[in-house]
Every structure is written in structure tokens, then in C-alpha cells.
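Asker: Can you make the complete structure from the sequences, with help from the hints?
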Amino acid sequence: MKENMEKIAEMTRLSIFEVFEKMFYIFLEPSDGKVDGYDMEALIEFEGSARGEIRILLSRNMVRTMVQNMLNLEEGEITRHNIEDCSKEAVNMVAGNLFGKLDNSEMFNLSIPAFKPEYSGPSSGENAYRMDFDSDGEKVGVIIDINGRV
Amino acid sequence: MSFNVLIVDDSNSMRAVIKKVISISGFKMDKCIEASNGVEALEALTGHWVDVIISDINMPIMSGFELFERLKSDNLLKDIPVIAITTESSDERMQDAFNLGVKGFIRKPFLPEEIRGILYKVIGVNYEGKYGEDSGDDEAFDF
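Residue numbers (my numbering), protein chains in the order written: chain A, 39 to 188; chain B, 34 to 176.
One or more of the hints may lead you astray.
As the list claims (entries may be wrong) - With a straight-line Cα cutoff of 25 Å, these simulated SDA-like cross-link-like pairs (lysine to any residue) come out: (1) B/K52 - A/R102; (2) B/K53 - A/R118; (3) B/K136 - B/S44; (4) B/K64 - A/L111; (5) B/K53 - A/F55; (6) B/K136 - B/C65; (7) B/K52 - B/M62; (8) B/K52 - A/E115.
Don't read these hints as lab results, they were simulated from the structure.
Answerer: Put into C-alpha cells, the structure is as follows:
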């Protein structure tokens, strides 16, 4: 179980780097120590040989940068809808990318992503794994919470 | 020659990005029609002729797979080339899509040149927009 979780964590790291670089032109670095101050999150549920959910945690300024970079918008043009949409796309892409990296021969069903305009706190799941990243002082976190076989 | 493109994705942002990428890629696009799910796509196809459809798979109301099935069973629509643009990556899911007539895949996240290359490839034209054997490929393109 522990080895599998480490592999999942490593693949998640690669996936989040790839998604943020290609789609949002943001270069992330792993964050040292405990990170707080997330303002919102997007989540997606998955179901296959294991099931659970992936949450992407975002600071306000990080998500604004994501929207500006992805859509080529000026600061004053950003809407709440853009923020929600980009956050959901981010978690959708990280999840799809992650499962592709883990095992292409296995099929996982992904839910429609959801957005929460606040951070709902750390996961209490036994098989939850959290990673935090930053870029120019702005933060992104990811929590993978797995139920069932890993 | 230029082409009409139908983009189907439940994310406004993703549709905007795809449209922008196609525009700057050098692909000769005439009209770009947008739909946020399979139902809207089928409605759009009743009023517009399109040369290629780029569709997400994981969408509410009508998913990409349902849309591909509907297209395949419609004599007027079954020959329109379809490209799936998706985070889906399992071999089984891709084979299912190919069986439903999908001609190409673009995986999210994507690079602009991937979209242009696959568009030309599935339509079967070269970079001048002329039909021929020299269709689009992964040639480097300076954005």
C-alpha cells in the first residue's frame, strides 16, 4: 500500500507540473513545510479498480494568474465564471493525466468536476495524500483521497 | 479553402483556448461554432454545415460518447471527421471512441501544434488547405 501511494504521489507531482506548465504557463515548485491560506478548490471523483477523489486547492492570486494566462485576459476582465471554469479544468486534466501515467490499460470513470468557493479543509481519509506547491509565492495544493484497493 | 469547425466542450474557457489555438495555428478556419454538450452540438448541426468536429468526452447532459454514437447513426452526419479532445487516456476508452468513428485524439493538456497537426491530418489536406497526400503532420511550427 505504502509503495503504491508513493508511486501515485510521484505521478501526481508530474501530472500537476505538466498541466500547469502546458495550460497555464505556470512553473510550480514543491513547497517546503506546511501551507495554509487556500481560498477555493475544485474536485473530481474517480472510480475504477480504486475509487476516491482528487482536490486541487488554490489561492486567490494563483487562480487569477491561471485564468489570465490560459485565456489571455487582463486583470479587470476576469469573472467568477472564468475562475470556476479554469479551476475545474485544472482538476479534470490533472486527474486524466494521472491515470494515464499510472496505467493506460486500466479504465477509470471520472465525474464532472465541481468547484467550491472556499477551502473545505484537510482530508481525514486514511489513504489521503497531500502535496503543496508554489510559484512566485502563490500556492497550489492537491489532495488525493483513495477508498478501496490501491 | 477554409473550414468550418464545431467545438464541443462544457468549459467555456477550454472552448476559448481551442478556438484561439486554431486561429493562431495557421489552420484555415472560416466559421467556428460552439456547443457545451452533445445535445447542443446536434442542434448546431441542424443549422450549420461543419467540416470537422472537436469534442470533449466528459460532459454533462450528453457525453462525447453519446454524441459519437448519434453522429455515427445519422446518414447526414456520419462522415464528418471527429476529433476527441479529452483527458481520457485508457487504451480501452480510446478504442471505444475509434469504434464509434472518432478519427483522432488530442489529450489535455495539449500544445498548439498538436491541434493543428491533427486537424489537417483528419481532414486530409495539406498546410495550404488543399486536399492531397501531403496532409498535416507534426512538423515544427513557430508560434
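Asker: Does each hint hold? Answer for all of them.
Answerer: Structure-based check of each hint:
1. Of the pairs offered as hints, the one joining B/K52 and A/R102 holds, with about 21 Å between alpha carbons and a cut-off of 25 Å not exceeded.
2. In summary, the hint linking B/K53 to A/R118 is supported, as the alpha carbons are separated by about 21 Å, within the 25 Å threshold.
3. This hinted pair checks out: B/K136 and B/S44 have alpha carbons roughly 22 Å apart, not beyond 25 Å.
4. With a C-alpha separation of about 23 Å, the suggested pair B/K64 and A/L111 falls inside the 25 Å cut-off, and the hint holds.
5. The straight-line distance between the Cα atoms of B/K53 and A/F55 is roughly 23 Å, inside the 25 Å bound, and the hint therefore holds.
6. In summary, the hint linking B/K136 to B/C65 is supported, as the alpha carbons are separated by about 19 Å, within the 25 Å threshold.
7. Proximity of B/K52 to B/M62 is assessed by CA-CA distance (about 9 Å); at most 25 Å being required, the pair is judged to hold.
8. Annotation: proposed proximity of B/K52 to A/E115 holds, straight-line Cα distance about 18 Å (limit 25 Å).
The structure fails none of the hints (numbered hints given earlier).
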